[in-house]
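**Q** Here are the chains, one letter per residue:
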Amino acid sequence: MTMERRTRDHLGDGQAMKPLRIGNGCGFWGDNLDAPRELAEKGALDYLTLEYLAELTLSILALQRQRNAEAGYATDFLDVLQSLVPLLKDQPHLKIVTNAGGMNPAGCGARARAVLDQAGLKDRSVAIVAGDDLMPRLDALMAAGCLFANLDTGEPLSAVRSRVVSANAYLGARPLVDGLRQGASVIVTGRVADASLTLAPAVHELGWKWDDWDRLACGTAAGHLIECGAQATGGLWCNWREAGDLAHVGYPIAQIETDGSFLLTKPAGTGGAVNRETVSEQLLYEVGDPAAYLTPDVVADFTTIQLTERGRDVVHLANTHGKPATDSYKVSIAYRDGYGASGTLVIAGPSAVAKARRCGEIVLERLRRAGASPQHAHVEVLGAGECVPGAALVDPPEVVLRVAVRDDRRAVVERFTKELAPLVTSGPPGVTGYTTGRPVVREVFAYWPSLVPKDAVAPEVRVMSRFASKVP
Amino acid sequence: MTAEPFPLAEIAHGRSGDKGNHANIAVLAYTPAGFAWLKEHLTAEVVRRYFESLEPSRVVRYEAANLLGLNFVLYDVLAGGASRSLRTDTQGKTLALALLRMSLPRPENFAAMTRPQPEVVA
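Top to bottom, those sequences are chains H and C. Under this note's numbering, read the first sequence as residues 1 to 472, first letter to last. Under this note's numbering, read the second sequence as residues 473 to 594, first letter to last.
Bound conformation, chain C alone:
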């Protein structure tokens, strides 16, 4: 564990959306090595602290290993939800992008976690 930090987006992609006044953020690792590392480091508590300004009442983390995915549910984070919230992003659509900007300490096997070059299909 050394060297410069990296943004989560280099080892994972994701998507977020709303459920009433709650939001979910799916974080999907690009490789099994990245998934193993995220399971250890991207805890519900880390995510709760990252979004502290949005005042989630609690954060629950679920695993979907078949998708190399972690699914975070952020409770009461949408300031009233789709209809009542006064924010621009009433449905939490930007939250995944925000989380993917998170800066993390670079692990030694970082190269095994980045996105494989997509195959160009003719």
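This is chain H alone, in the form it adopts within the complex:
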């Protein structure tokens, strides 16, 4: 049965406002395509968020857009939106917030508009949020004194400027809230801080103020917990045997109260688990100082959170404290850094580990003889404890040999891709697993984290007119 949330607009006087239910159905580009539909079907949601952009996704999208001006966004989103059409008809108040726009929010928004039009959902409006892309203004900003110093090394961006392919500021929740205020049912953004995808609906629906730092921190904690999808509901959990049926894992829902406290849960009848352990693990996932989780909207303190189990698959989180946001946006910059490839072979025992190591050496020796020694090379014997350091050494019956290289010269990497197969006949006995063909050479992009003053960035919001056939 499809559940529908009643409209939030008609509340009686003096009644406590109904809590807001936000579910995240996508944790990265590549996540389960059925999850958004299943979550919206069973989740009784007000908002569905979909997160597609990892740190370096935008560099790949930037190159796609260079080749084709209409590309450059997370195409999976259009398939997901199509799959949601019947539910959007049943649930007219369900709203969608996604960063699928990548390097081309306008193009993605136009295609989303077309999907809705074709489905007869012409009454739903789509807003795009852009302005995160600093590439067109990069030189002007640098000339004006913005060095884009690397947050790790302090080096100014001028050192790699000629190789930069993308530079995007992580925008906050404000432009998304503007879009919602203008009546948008679907918000398509470029680079936005992941937690802001959740905070924006909370600010909009619950009437929070932009200097109410504690509430903004609460919404940010909720967004941080659900942004990676099933990682909050049993995925990656150390005690995974207790996680129920992970094949049908339920995706996370934050049910947020006006005061900022919220329940973290998942749809009934789904696999996975929500408990103190799964939530605590995810709360610290990819976090530095847990007392200062920085977003464009707020500095959140996760060490003040009171976390209580409220029954099966329900955890209550309250008392997240917040401090004023900083005056900069984080900027994620990617630059070209040569070429790379990696390939694997299976090596059977006896002496699998020793043979695998010798095979790795043979590959590198042969490259040296061919005058194609890679600048960077790495041999791993998987199964012998080389992926997870600290594991006990054993004599496994078989291992996977993995050799990876990186070099500024494409030809060197090309040569490497031809050196694995010969080992099947010219190496020690037991070399097999050569079935997937030669490794593929890929372009390598390096990551350059930086900051930009907020007043140097102008977020844009545009509600796309209904029945629009193309981007205005």
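None of these hints come from the bench; they were simulated from the model. As the structure is a prediction and not an experimental result, all values here were calculated from the model. Among the clues, some could well be false.
[Said to hold, decoys possible] Keeping only pairs whose Cα atoms sit at most 30 Å apart, straight-line, the calculated DSSO-like set for lysine-lysine is:
(1) C:Lys-491 with H:Lys-330
(2) H:Lys-323 with H:Lys-209
(3) C:Lys-491 with H:Lys-454
(4) H:Lys-323 with C:Lys-511
[To be verified] Reference excerpt, derived from the structure (chain H facing chain C, CB under 10 Å, subset only):
(5) Asp-152
(6) Asn-239
(7) Val-403
Built from N, CA and C at the ideal position, the CB exists for glycine as well.
Once you've looked at the hints, dock chain C against the given chain H.
**A** Structure of chain C alone, referenced to chain H:
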């Protein structure tokens, strides 16, 4: 402090991930007694030495007592990070499991640190 050592996984769970070329490892004690013991024994220096083969430039430890948690940030430990690293685990996803295998001297109140049996909810 006697007897046979035990793996950290018996008194804590955790999760790890990446931040550019850095990794974080959250270690969460199952009980307050375990948290108190870990605060004393699982120092940033102990973790740095354990992962010496990955050459972290430094390790910083943060506390989240509300979660019975210690959060370690291992700087420059990912051999270039998600895109450049030549390793299989470019994002440090296995590092928490590696740390949870760490062998530690068994304290006298070890029984107060292990995971309480989970309640079976019908």
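**Q** Confirm or reject each hint.
**A** Results of checking the hints against the structure:
1. Using a Cα cut-off of 30 Å, the hinted pair C:Lys-491 and H:Lys-330 holds, with the two alpha carbons roughly 13 Å apart.
2. Our distance criterion of 30 Å between C-alpha atoms is met by H:Lys-323 and H:Lys-209, whose separation comes to about 13 Å.
3. This hinted pair checks out: C:Lys-491 and H:Lys-454 have alpha carbons roughly 22 Å apart, not beyond 30 Å.
4. Between H:Lys-323 and C:Lys-511 the alpha-carbon distance is near 27 Å, which keeps this suggested pair within the 30 Å criterion.
5. Below 10 Å, beta-carbon pairs count as interface contacts, and H:Asp-152 has one with chain C at about 7 Å; its hint therefore holds.
6. The interface hint given for H:Asn-239 is met, as the beta carbon of that residue sits about 7 Å from the closest beta carbon of chain C, less than 10 Å.
7. Restraint check, H:Val-403 versus chain C: the minimum CB separation of about 9 Å is within 10 Å; hint holds.
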